[in-house]
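Visitor: So the chains spell out like this:
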Amino acid sequence: MDKPLYEQYFNYISSLLHGDWGWSFGTSMPVMELIKTHWVYSFQLVLLSSIFAIVLGISLGIFTAVKKNSRADHIAAFFSFAGISIPHFWLGIMLILIFSVRLGWFKTYYDTSLPMLSLENLYALTLPVLTLGTGMVAGYSRYVRSAMLENMGKDFVRTARAKGLPESTVIGKHVFRNAMLPVITIIMLDMSGIVFGGAYITEVIFGIPGLGWMSLKAVFADDYSVVMAVTLIGAFLTLLFNLLADIAYTCLDPRIRYE
Amino acid sequence: MCGRAALLSAGIGLSGCLERASEGVNQSVNTTSGAPKAGGKFIEGASGADAETLNWILVADATSLGYIGLTLDGLIAYDNNFNTVLRWMKKDIEVSQDGLAYTVTLRDDLEWSDGKPVTSEDFVYTMKNLMFADWMAYSYAGDWKEDVEGKSVFVEPKVDNETTFTIHRKTVNPEFLYTVTDLNVYPKHIASRYEGDVKGFTQAPELNDLSYTGNLGPYRYKEWIRNDKIVMERNPDYYGGRVNGEPYFDEYTIKIFGTSEARHAAMEAGDISSTAIEPEQVKKFKEMPSVQVFTVPTSQYQMMQYNMRDNGWEGLRNKNVRQALSMAISKEKIIQQVRLGFGEPAYSFIPKTSPWYDETGLLKLGAGALYDKNKAKERLVEAGYGARKNNEIQVINKNGSQIKLKLVTNTGSNVAESTAFLVKQELADIGIEVDIKLVPWETELRKYYINKVPGSDQEPRNNNGARAVSEESWDLILAGHFVDLLQPSGSEIFFTSDGGLNIYGYSNPQVDALFKKARSKDAMDKNVRKEVYAELSKLVSEDQPLDFFTFPTANIAFKKGVLGIEPGINMNYNYQEWYFG
Amino acid sequence: MDSENELGTVLSVTGLCTYFFTKKGIVKAVDNVSFDVRKGEIMCIVGESGSGKTVTALSLLRLVEHPGRIVEGKIMFDGKNLLDLTLREMRDIRGKKIAMIFQDPHSSLDPVFTIGEQIAEAMTAHKGITKGEAKARVYELLKLVDIPEPERRFHEYPHQFSGGMKQRVMIAMALSCKPLILIADEPTSSLDVTIQALILDMFIELRKKFNMAIIYITHDLWVIRYISDRVAVMYLGIIVESADKKEIFENPLHPYTQALLSSLPGKKGRILLKGEVPSPVNPPEGCRFHSRCPKRFDRCEKIEPEMKEVVSGHFVMCHLYS
Amino acid sequence: MKLTAYYWERTKRYRSAMAGLEFIVFLIILAAAGPFFTVSPTHVDFNEKNMPPPGFMLEQSMYNASSGGFVTTVQHGSWAHPLGTDGMGRDMLAMLISGARVSLLVGLLATGIAIIIGALIGITSAYFGGAMDSILMRATDIFMTFPFLLLLILIVYLFGSSLTLIILAIGLTGWTGTARLVRSETLSLRTREFIIASKALGASHLRIIFYHLLPNILSSIIVLATLSIPGAILAEAALSFIGLGDPQVASWGNILNAGQGSLQTAWWVTVEPGMMLFFTVLAFNFLGEGLRQAFEPGGD
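Sequence order for the protein chains is P, U, Y and F.
Going letter by letter, the first sequence gives residues 43 to 301 in my numbering.
Going letter by letter, the second sequence gives residues 22 to 602 in my numbering.
Going letter by letter, the third sequence gives residues 59 to 380 in my numbering.
Going letter by letter, the fourth sequence gives residues 3 to 302 in my numbering.
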């Protein structure tokens, strides 16, 4: 500890690269081990929420784009605004209040003893996924809607119609595929924010021992090696998802692929 | 038992220390007929912070001690009446006539996980080479020291034979017995690998997962998901189970919940076997057919500290002013409004549940006839803090200004905040304005507890002498203290002039002397000690360095099916004998 | 083919009105337009931008988008009024019997699919042929429009093609189902002049080969002279004059046509029109051209002229000839 | 001013935006005038604790240590506390109004800080270009890789939870989006004729930036600011919710956090601040969206 700061820093970085992430004094285990046991809880939450949000958000986005300016579109627009605006920690509490406390359909906490790949676990994750996913659904449906609308006015859509293609093909193939380009990028770029933003608090509310809750406890326990590691993982995830967004874009957009 | 570590409760309402660790043997006082059955998983619901480590010598928090206690019984346990229940010992600790030697005789069937016997050598090694070692910096090493000719030295443990060792002292301290009973042990052949290496010792996997504990406790470590749960499984080799096959539970799990609400809901749904119930919910749970709720005393008291140091209101240095303030705050109201009836009024630091409790001479401020705001005002006037105007008393500073007090307490607890506002209301009635400052517990420790003499290069500590002051000024701090019911002398850290946690600058030579006496040769006689404690209680209640509020009572809910429980202050002492009926 | 009547007319448009219902008011983009297209001819619709040429073309395939709507009229094709057909029936017409090529080949092709797939799409949608058959057919079509190495080009994406090549792809796509009518909406206006000529030649050639009628929309008089058989001149949503190419160029009757033609190089006495094209939201009363007409008189401002056949096959809408 | 009137006319067309604006104005009035007609949000009265809103009732029981039984009282809502009281008998309406003040303060100030920092960095980066641009933009990229909430938690945990610090922290961590937007807008303006003309006329950098660049990107900044306010408000609420808020003020997040423990009994303590938070955020989002559409060229 009495070595100069730059040397300490250098040592820290070099041990990181060697897979030694230090010792967590708050939990008495190697940071690496700690992360190994906890990441999966965040992962399943984020994965399920994303699937939920992407499937529902995209369907809703397509639907509202096709039914532009209809009553259904206006209602959906209102709900997506509501979805974006609702504080998800409050949503989580309200879901617990209604579905767990009043109706008793779910437990008020997440049970880690359930096998990871089981229906019970899926059921247990319903409220957390709803909590985390609602804002995502709302956001994605709006992205998709505007991307769809933007592409619906494109000339190639008129070409497709002039070819006599059925409307479902025109929308489902030509408009959709083009609309997905920006949407996938946005979803990817959103992801790291969700892992350490939304998922964070969702984990706290439902007592899911994921990376979010773990890092919050680490902050409170002055467990800096963990805080450091989590920050690094956050940065790494941001870079990773940026990269994935680029890769996805490249795969989907031949204009970039062939350059 | 919540060790000395936790004497300073982690802020009001933040402490989640369920006493455990000490357990009884062969004392089946089953309330139901029929033989207990083995089987089932017991899940205890907890909230608050998770344990920090299972490597016991490094422990600084009560939760960790609780976990460790499941696998390491300890030398003895106390039942609800403070009778000694032998655990690892064959017979009770023998104290020599002169009070200088403590002989511990171990059972001969204790084993480490690798089959090696647990010997007195392990204990002596643990003390000499680990607890007393410089490199280790054991937090409670001070308990094992004594003053010999002005120097602080460690006591001397010696191996007598395979199963017997003796700890030799040079001075007499009758309460050292309780220090000895808290003794724990590491296997010498494993711990010695890391001797002198703090990092190695801290990170040693076999010490951190308790895999060495052999037959020393009713349960064995199985799984620990941080901030979620720890699972212990039945120890089939448990020495205590040789007779009747205890423990009965296949697994003992401690599950941590984020909120009390979630914990309650889990209890209500029957997902967990036991948990503490918040006051508002007790009635509901008591009425549930599937739940039994025990209302039991605790060994904690909640109070308000008066700052007698230089950075507090000068009036607080006057005993009469302190008494007057305490007189204006109703203990009954605090119990009723904040704890919804779950608490006993506290007048001094020794509760009714302690064998050393003595009511004679206690000044019962803030209750009965001594809860009197007019008298309080009059007393303030007498002390020079007020003026009479046509029969009306106006409480003011000596210079005529309004008295304003700064009350500090920790965030994150409704109990703390409610109490603070109640105090504010009560003191407003006598004309004193209270400004409430809520700060996180860590900040409270850093800015309000730790003090030093201004301008000096002292290492900041909780009590740096009479002239030391904290970084931030304060007048009142709400907090909680634990008291060791068997040896209240442990509270000297709060009440002696150089007590380590005497943050408020209280000093009374008489009190200092009495605490010393409780740990002296004279006190070998229990009657003398009883007198000493009675006198101490009386003195402290008169001096009112703090306004003792309440000894809260806890409500612990169990599933109806859990049998073998003996409700009381140490109700966990026989937890390995509980079973599902 | 039995779709033609005895006069050889394949498409007959009568009183077509397509309005755009915007917040600012109703835009009468196409107002009471009538014309016939005869088998195998190249019929040109000419006019300034905003005159309603493109909307007319889109109306024929009922591709006008919100807020536009065809409010009135008849489009007779194959013995049926296209405006009475269900959407499904209309789909069978589009691409199969009437095909269309758009102005900007760069944006008219979907950037994320291969051109092969985009050409084949029309065939698989209409003829229910297998992908293999479609592929072979696409190769043929690509050869037909002079795209070399069709096997390789099949798998390429639009951005790998030049503008001219893209337009050839569009033509191939339009021809894929051998339509009776090809609507070409300024197909060469975004191309280099040299390439324009090549494409125009291709139109002329293909018209013969496929024996189809072409409705060619342009604002370019040079192109009209090069390619057309018959010409209709549009101004502010209406056709003001129509006649054979020769007749129009030699004997333009409507002052607007006269002004247009005067801008051709080599013509003397260029007529400059004053003012701008009025807003289609509030077209001038009477003759729509009167606000800019150098030959206007009182009647023009009040009474809308009717279409008159001045010479056989030469129709004009102007008070000068009534 | 004519332009302002023009955009105002256009914004007025969006009914949801106007509803949002009305709510915000209402909230501002409430926050400003509320303290004059409600009791103090810190006024505690234990005799009136956990009082439900009018029309509801709540049973509360008190343990009697000597008899071991319970004394049960029924608490009815009263119009003296139209939104009920919390566990300490504080008036919910008064606390919500105080919370409105906190949220508006956080939303406006934090966003203001973020926008100023972002705009400065964005303009500097784009206007001067070259190495300056590379350095600033890489720095922005790096900054963006930090998990925002964790960073916020860390700052507040390390330096204390005062409202001032929370506002600063949110402002200091939230500027990256603005920087990027302002940079790209400036880049597209930089080569436009009127800028080149002013440069040719020898205008100073500051003059060009303040007289020519800023007014032209102002509309984008206003839209971004309106849409960023909810983020700042939610960030403060989230911090308070996990117990890192300023304990000295009754912010919505603080009330939510405290009410969480009595979800089963005093539901209104969590429901009400959440609703306020929700509607406020919704209002700003609606307004922002309306402005965005109004400012969009040809956005009809």
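Just so you know, the hints here were simulated from the structure itself, not pulled from any lab data.
Everything numeric in this text was worked out from a predicted model, so none of it was measured.
All C-beta atoms, glycine included, are put in the ideal place defined by N, C-alpha and C.
Do not rely on the hints blindly, as some may be mistaken.
Said to hold, decoys possible - Computed list of lysine to any residue pairs in SDA-like fashion (alpha-carbon distance at most 25 angstroms, straight line):
no., chain 1, residue 1, chain 2, residue 2
1, Y, Lys-185, Y, Lys-267
2, P, Lys-259, U, Asn-229
3, U, Lys-458, F, Asn-52
4, U, Lys-304, P, Leu-145
Claimed, not checked - Facing chain U, from chain F, some residues (calculated, C-beta under 8 angstroms):
no., residue
5, Asn-66
6, Gln-77
7, Gly-79
8, Ser-80
9, Thr-126
10, Tyr-129
11, Gly-131
12, Ala-141
13, Phe-161
14, Gly-162
15, Gln-250
16, Ser-264
17, Phe-281
Visitor: Against this structure, judge whether each hint is valid.
Guide: Tested hints:
Proposed proximity of Y:Lys-185 and Y:Lys-267 is supported: the alpha carbons are some 21 angstroms apart, at most 25 angstroms. Pair hint P:Lys-259 plus U:Asn-229 holds up; C-alpha atoms about 20 angstroms apart against a cutoff of 25 angstroms. Pair hint U:Lys-458 plus F:Asn-52 holds up; C-alpha atoms about 23 angstroms apart against a cutoff of 25 angstroms. Between U:Lys-304 and P:Leu-145, the direct Cα distance comes to roughly 21 angstroms. Compliance with the 25 angstroms bound is thereby established for this hinted pair.
Proximity of F:Asn-66 to chain U holds as hinted, the smallest CB-CB distance being about 6 angstroms (cut-off 8 angstroms). A least Cβ separation of about 12 angstroms between F:Gln-77 and chain U goes past the 8 angstroms threshold, and the interface hint is therefore violated. Look at F:Gly-79: its Cβ only gets to about 18 angstroms from chain U, farther than 8 angstroms, so that hint breaks. With a least beta-carbon distance of about 19 angstroms to chain U, the hint placing F:Ser-80 at the interface is violated under the 8 angstroms criterion.
Interface restraint check: F:Thr-126 against chain U, minimum CB-CB distance 38 angstroms, threshold 8 angstroms, status violated. Look at F:Tyr-129: its Cβ only gets to about 44 angstroms from chain U, farther than 8 angstroms, so that hint breaks. Because the smallest distance between the Cβ of F:Gly-131 and any Cβ of chain U comes to about 46 angstroms, over 8 angstroms, the interface hint for this residue is violated. Nearest Cβ of chain U to the Cβ of F:Ala-141: about 32 angstroms, over the 8 angstroms cut. The hint is violated.
Restraint check, F:Phe-161 versus chain U: the minimum CB separation of about 11 angstroms is more than 8 angstroms; hint violated. Below 8 angstroms, beta-carbon pairs count as interface contacts, and F:Gly-162 has one with chain U at about 7 angstroms; its hint therefore holds. Given hint, F:Gln-250 at the interface with chain U, holds; its Cβ is 7 angstroms from that chain's nearest Cβ, closer than 8 angstroms. A least Cβ separation of about 7 angstroms between F:Ser-264 and chain U falls short of the 8 angstroms threshold, and the interface hint therefore holds.
At a threshold of 8 angstroms, the smallest CB-CB gap from F:Phe-281 to chain U is about 25 angstroms, leaving the interface hint violated.
Against the hints set out earlier in the document, violations occur for numbers 6, 7, 8, 9, 10, 11, 12, 13 and 17.
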